[in-house]
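Protein chains: 2
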Amino acid sequence: MSRARSDVRRLPEKQVRDRAVLEALLDAALVAHVAVVDGSQPYVVPLAFAREGDRLLVHGSTASRAFRALATGAPTCATVTVVDGLVVARSQFESSMRYRSAMILGSFAALHNGDKERGLQVLAARLLPGLEGARPPSAKELRATTVLELVIEEWSLKVSDGHAEDDASDLDRPVWAGVVPLQHTWGAPEPAPDLAPGLEVPPAVASWPEGRA
Amino acid sequence: MSRARSDVRRLPEKQVRDRAVLEALLDAALVAHVAVVDGSQPYVVPLAFAREGDRLLVHGSTASRAFRALATGAPTCATVTVVDGLVVARSQFESSMRYRSAMILGSFAALHNGDKERGLQVLAARLLPGLEGARPPSAKELRATTVLELVIEEWSLKVSDGHAEDDASDLDRPVWAGVVPLQHTWGAPEPAPDLAPGLEVPPAVASWPEGRA
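Protein sequence lines correspond, in order, to chains A and B.
Residues in the first sequence are numbered from 1 upward in steps of one, following this note's numbering.
Residues in the second sequence are numbered from 1001 upward in steps of one, following this note's numbering.
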């Protein structure tokens, strides 16, 4: 069987090929860590992103070195990770984490004109769902913004969602083993100091899904 | 003034040069996203890490391609990001996130013998603080494990912890603005299915600091 470069080789039993699980992770996470190479020096840049169908969308300043480099279509990797807990084993060697991590290989391409404006609306709707009242970008703001898309075609996904698998010889060690979940929840909204009087927190915020991270 | 390649150029007002703030972020975060370049293809690999003084420690399998590549001392970048909330502005353009993100440039080096064993103890103590009862690695497990360190020397840190700075002309727009914090908290521990009877959750778990992510 041929192996793709996106295949999981370490801990292959944690590889998940179900695209629905990938999409659920991409819809929960807020930030992708994206590779930008400059000569022999790689950089890893955290970028807010949104999934739109089979694409990952990111936006940034047209003046950003990272965005200019990514817009050239250089090979990149966008990795999206959510830590779901710590796995406490009876041995240090078997202790680990619960996590979901996706790696997407490919190249970004810049969106233009109507596609770019649509991309920004998708980003706004995904990152701040239900808050339609914010002013859309002006022509000047649009000119200052780059929107890039990455097709989700070559990807791998690792999910660790179980318990430690201690050696049988460690099972009678008198120490606790289990999982301590790490939860990502919304706190109480803090109004802006310059908020006009009489404006309440939008009801949509109260229905934002938990688990975004 | 000369600029270092690790200097923040976009949104320089968010650059923080206080090493204590950097260290607090590194001590809160559980995962670094690390660049590994293979030919023209960069990869971004999520790695559990621990800070020990002025070093970042990571551990993995000696069979891991990423660890073998990093152990050669190739130039890399380790980026550590925690998302602290969503910033809701009166314009889409000014909407953003609260976050802390550190970028560390340099090269990993492998630890050996006593340094490697000490590194693993630091990782265990930092990732699962207070749980000293787990069995330390056997000679075989040690041979199967690579421990790498990265000196925290060339780094940059961006912190966004405020509110949106909307244009004056947007301030009377009748929409809410503020911050919705994203909190990272421990859930109720789940005992392993094969846990021996009578073992309670260690008291140390109850005192783990919140905000790890």
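Hints were generated in silico from the structure; no laboratory data involved.
Please note that a few of the clues may not be correct.
Think about it this way: if two alpha-carbon atoms lie no more than 30 Å apart in a straight line, the pair counts; the simulated DSS-like pairs of lysine-lysine are [unchecked claim]: (1) B:Lys1140 <-> B:Lys1116; (2) B:Lys1116 <-> B:Lys1014; (3) A:Lys158 <-> B:Lys1014; (4) A:Lys140 <-> B:Lys1014; (5) A:Lys158 <-> B:Lys1116; (6) B:Lys1116 <-> A:Lys140; (7) B:Lys1140 <-> A:Lys140; (8) A:Lys116 <-> B:Lys1116; (9) A:Lys14 <-> B:Lys1116; (10) A:Lys14 <-> B:Lys1014; (11) A:Lys116 <-> B:Lys1140; (12) A:Lys116 <-> A:Lys140; (13) A:Lys14 <-> A:Lys158.
Computed footprint of chain A on chain B; a stretch qualifies when at least three of its residues, placed anywhere within it, have a C-beta under 8 Å from a C-beta of chain A [what the hints assert, rightly or not]: (14) 1097-1104; (15) 1124-1138.
We put the beta carbon where it would ideally sit given N, CA and C, even for glycine.
* Looking back at the hints listed earlier, which ones does the structure fail to meet? -> Failing hints, ascending: 2, 3, 6, 7, 8, 10, 11.
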